[in-house]
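Q: Here the protein sequences line up with chains A and B, keeping their order. Residue numbers for the first sequence follow the working numbering, beginning at 2 and rising by one. Residue numbers for the second sequence follow the working numbering, beginning at 178 and rising by one.
Do not take every clue at face value.
Partner residues aside, some chain B positions facing chain A, computed with beta carbon under 10 Å [stated by the list, open to error]:
id : residue
1  : TYR210
2  : PHE222
3  : TYR225
4  : THR272
5  : PRO284
Straight line, CA to CA, 35 Å or less: simulated DSBU-like cross-link-like pairs of lysine-lysine [to be verified]:
id : chain 1 : residue 1 : chain 2 : residue 2
6  : A       : LYS3      : B       : LYS188
7  : A       : LYS57     : A       : LYS71
8  : B       : LYS188    : A       : LYS43
9  : A       : LYS57     : B       : LYS234
In case anyone wonders, no lab produced these hints; they're calculated from the structure. Ideal Cβ positions, reconstructed from N, Cα and C, are used throughout, including at glycine.
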Amino acid sequence: QKEVEQDPGPLSVPEGAIVSLNCTYSNSAFQYFMWYRQYSRKGPELLMYTYSSGNKEDGRFTAQVDKSSKYISLFIRDSQPSDSATYLCAMSVDTGRRALTFGSGTRLQVQP
Amino acid sequence: GAGVSQSPSNKVTEKGKDVELRCDPISGHTALYWYRQSLGQGLEFLIYFQGNSAPDKSGLPSDRFSAERTGGSVSTLTIQRTQQEDSAVYLCASTGRLTTYEQYFGPGTRLTVT
Numbered sequence: 002q003k004e005v006e007q008d009p010g011p012l013s014v015p016e017g018a019i020v021s022l023n024c025t026y027s028n029s030a031f032q033y034f035m036w037y038r039q040y041s042r043k044g045p046e047l048l049m050y051t052y053s054s055g056n057k058e059d060g061r062f063t064a065q066v067d068k069s070s071k072y073i074s075l076f077i078r079d080s081q082p083s084d085s086a087t088y089l090c091a092m093s094v095d096t097g098r099r100a101l102t103f104g105s106g107t108r109l110q111v112q113p
Numbered sequence: 178g179a180g181v182s183q184s185p186s187n188k189v190t191e192k193g194k195d196v197e198l199r200c201d202p203i204s205g206h207t208a209l210y211w212y213r214q215s216l217g218q219g220l221e222f223l224i225y226f227q228g229n230s231a232p233d234k235s236g237l238p239s240d241r242f243s244a245e246r247t248g249g250s251v252s253t254l255t256i257q258r259t260q261q262e263d264s265a266v267y268l269c270a271s272t273g274r275l276t277t278y279e280q281y282f283g284p285g286t287r288l289t290v291t
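Let's have the full structure, built from the sequences with the hints guiding it.
A: Quick look at the structure:
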């Protein structure tokens, strides 16, 4: 079983919809939780990070972490066609090399 | 400012050949990571450099893989005697010493072994 599980999708929504993306994890030592966006044939782009549990908002994006359930979410409000990409969750512990452990990514398509 | 750059962007090589992949991190970033992104495998950690410390090579899949970082900046990932299963996108990321959770990725090198 992978340490981080993420539904690969694809997820197709109409423009303006609220999108919910989720990951579950098994390693209780994870303390940093990140969301990356990756366009086709590009490197991952950091969207947001959260330390420990809680919510964080940045414009149309909201990240939530529930450590008790080992569950993280990214919400995208008023989704746009330009949001069409693969979204990767990533996590790391707070010590040592802090290498990221990634989910497999969810492919999102926002239809105009 | 300039982001992480990688070269070449694409590399096609024959099985058994050696390849070198290059990464130029963001200026001033002391930490550098290499990851591999394969179809069906997602992104997996390969190696980590932090300043002048010995690298953490625990993610390298075999002894055919090696990496070095010269002058605390540019890094080269070398794959010897390439195999078809080495085909993947190789990504480099850099970050500051105190913000290792904020990793900034380059565009990657797409390696195809024929």
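Q: Checking each numbered hint in turn, tell me which of them this model violates, lowest number first.
A: none
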